[in-house]
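**Q** Letter by letter, the chains look like this.
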Amino acid sequence: MNLLGRLLALWAIWRRVLRGDPQPLAEDPDPRERELPESERAELLAAIGLLASAGLAIAFIVLYVVYPNTPLLGATAGLSLVSLAFALMFASVRVVPQVTEVEERSLLDHGEQEHREIADEVRAGGEGISRRGLLVGAGAVCGGCVGAAALVPVASLGPRIGGRLASSPWRAGRLLVDEDDRPITADRLAVGGLVTAFPQGADKSDLGASVVVVRVDPGDLRPSPRRRGWSPRGYVAYSKICTHAGCAVSEFRSPESPTTTASGPALVCPCHYSTFDVTRGAKVVFGPAGRPLPQLPLRIDARGRLRAAGGLSDKPGPAWWGEGGPRA
Amino acid sequence: MRRRLATRALAALGVLCLALGTVAMTVARPDASHAQPPADPRHGRDLFVGGCSSCHGLDARGIPHRGPNLRGVGALSADFYLRTGRMPLAHPDDEPIRAHSVYSAADQADMVAYIGGFGGPAIPSVNAAAGNVAEGKQLFTDNCAGCHQVVGQGGIVTPNAIAPSLENEVQPVDVAEAVRIGPYVMPVFSDRQLTRSQVDDLARYVQHIQDLPNDGGWGIGNIGPIPEGLVLWGLGIGVLVLVARIVGERTTS
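Residue numbers (my numbering), protein chains in the order written: chain A, 33 to 360; chain B, 406 to 658.
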C-alpha cells in the first residue's frame, strides 16, 4: 500500500515536471474562436490512407481467388486494416477540428431563433473540411473494398464442399512413395518401423494424400473380416491426418517388448494425444478423436513395392459437422 | 652460457617428445575401450545371473510378462541398455530411463560380451564428425521430432511413456544404437530407412543440440512456436496498451 502511494506520488510529480501546471481555463478567452487546422494536406493524406487500405483489400481478394497463399493473405488483410486504422486516427486528429466547446446551460425551452442557431452551429462543425467529396469518396471505396474482402471467403463455404472432403488421390494400384518420391519397397521397414508415404505423382499437400505406413508383427494384427488381406507382411497404412483436429499423426508407439508393455502398437497424434490401435483398424483407444483413421488397403507387387489395393476406407481429415462420430 | 643453452635445448626436445608421444598414443588408440583388457564373457555371465536373471531368466531366454528374450539382441542392445544405465530396472513395468550405470565400464563390457556371444548385431560404429548437421536436422525433423521435439526436448507418448530429452549426455553411439533398437516404445529404423551416413548426420545433429546456442538470448524452453507466440503476445499487448494510451490522450490546445 505504501509502495503504491509512493508510485502514485512519483507519477504525479512526473506529470507535473513533464507537462507543467494545468493551465487555468480562464486564460482561454473564448473557446468558440476556433482556429481551423491547415487541413488540405491532412485530408489528402487521410484519403491516401483510405485508398491504400482499399487497394490492399482488393489485393487480398485477387490473391484469395488466384493464389491463396496464407502469409500473403494475412499480410494484405493486415496491412489493409492497419492503413485504415492510420487513416482514421489521422483524420480524427488532423482533419476534424479539435476545439473545446463550452455549452452553457439554459432553459430547456428553446425558441425558434435558438433552434436555428444550433443548426447553424452543427453545420459549421464541418466547415474546416474543404475536400469533403474526396474524403467521402475515399471512405466509401475503402469501406466497400474492405467489406468485400471480408465477405469473399464466404464463397468457400457451402454445400458443394462435400465431394471434395471425401476425395483422395488413392486408387487401386497407385504406388506408395516417400517424401523424396522413391517407391517404398517391402524390405524398407523393420518390424516396429514407420514411414510417411504419398501416392505417386499426387500433390503431397492434399489432405487425403499422406498416409503413415507402419510394420508390425503379422501375428499381432486383428483386422475386421472386411479388412483381411489389407496388410501384407505386417505392413499397415492409415491416413496421416488425425480425425480429431487434422494434425499430422506423427508418433508411433511401437513396444520393443510385448511382454513388458501392456498396450500394443499404436499411432499417436501429438496435438491432443488421440491414440489409434494399428492392429485393430486404428480403433480409437485414447483421446478426443471420434472415429478411426481411414485405412489404406495395401498389396506388394511383383517387384516388391508397396501399392494401394483400393481407396481409403473412409473420408480423410478432421471432424466437422456430421463427420465426427464413429462410422460403421 | 653454453651449458644453459644445452639444457634449454634438451628441455625443449623433451617437451616435443612428450607432445609427439601423446599425439601418437591418441592416434593409435582412438577409442578408450581398446585400452581395457579383453572382455570376459564368463564374468559377464556371473554378473548377468546376479543382476538380470530375475527378469530375463538364467539362460537369457526371457520370462513371460517379466523380461524379453535376450538371445539374438546382440552386443548393440546390451551396450545401449547397460551403458546408459537403463538396465537393470527396479520393476519390470517401469520405463527404462537414462541413469548412472550401476556397473563399472569393465563389468559392462563383460556383460555385453556375454549377451553378444549369443549372436545378433554388434555395437555400430558411428562417426559424428563426418556427419552434416543440416542434413541431420532435416532427418531429425522428419523421423524423430514427432516425439522428441525438434531440439530434442523430449515429449509424451500416450498412454504412459515419455520420449526422453536428448539435450544432455547423449553420445553419438547412443543415437546409432537407439535408432536400430527402438528402445521401449520407440519405432525401429532399419538400415534401409536410415543409412549409416544418415545416422552419422543424426548423431552430429544430436551432438549439436547438446549445447545449443541461444542467439536470441532467451530460448523460452526451446519447445517451439507456442511459448514464443505467448511471449510475443505478452509484449504485443503491452505495446498496444501504450499506443491506446497515446491515442486516447486529451490534447489541450
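Source of the hints: derived by calculation from the structure; they are not laboratory data. What you are looking at is a predicted structure, and each value in this text was computed from that prediction instead of being measured. All residues carry an ideal CB built from backbone N, CA and C; glycine is no exception. Please note: incorrect hints may appear among the correct ones.
To be verified - Which bits of chain B does chain A cover? Going by a derived footprint, with three or more residues having C-beta under 8 Å, they are: (1) 535–546; (2) 557–563; (3) 582–591.
Stated by the list, open to error - Label pairs and their calculated CB-CB ranges: (4) P320(A) - N573(B): 47 to 57 Å; (5) I150(A) - G653(B): 46 to 56 Å; (6) L637(B) - V128(A): 32 to 42 Å; (7) V134(A) - V648(B): 27 to 37 Å; (8) V555(B) - D212(A): 17 to 27 Å.
**Q** Given the range 17 to 27 Å, decide if the beta-carbon distance of V555(B) to D212(A) lies inside it.
**A** holds (20 Å)
**Q** So is the region 557–563 of chain B in contact with chain A by the C-beta rule, three or more residues under 8 Å, or is the coverage claim wrong?
**A** Satisfied; 4 residues make the cut.
**Q** So does I150(A) sit 46 to 56 Å from G653(B), Cβ to Cβ?
**A** violated (29 Å)
**Q** Go ahead and decide if the range 32 to 42 Å is satisfied by the Cβ distance of L637(B) to V128(A).
**A** holds (34 Å)
**Q** Counting residues of the region 535–546 of chain B whose CB is closer than 8 Å to a CB in chain A, do you get three or more?
**A** Check failed, 0 qualifying residues.
**Q** Is the distance from the Cβ of V134(A) to the Cβ of V648(B) consistent with 27 to 37 Å?
**A** With Cβ atoms ~30 Å apart, the hint holds.
**Q** Range first: 47 to 57 Å. Now tell me if the beta carbons of P320(A) and N573(B) are that far apart.
**A** violated (33 Å)
**Q** Okay, the region 582–591 of chain B and chain A, do three or more residues pass the C-beta test at under 8 Å?
**A** n = 6 at 8 Å, threshold three: holds.
In this structure, the earlier hints numbered 1, 4 and 5 are contradicted, and the remaining ones agree with it.
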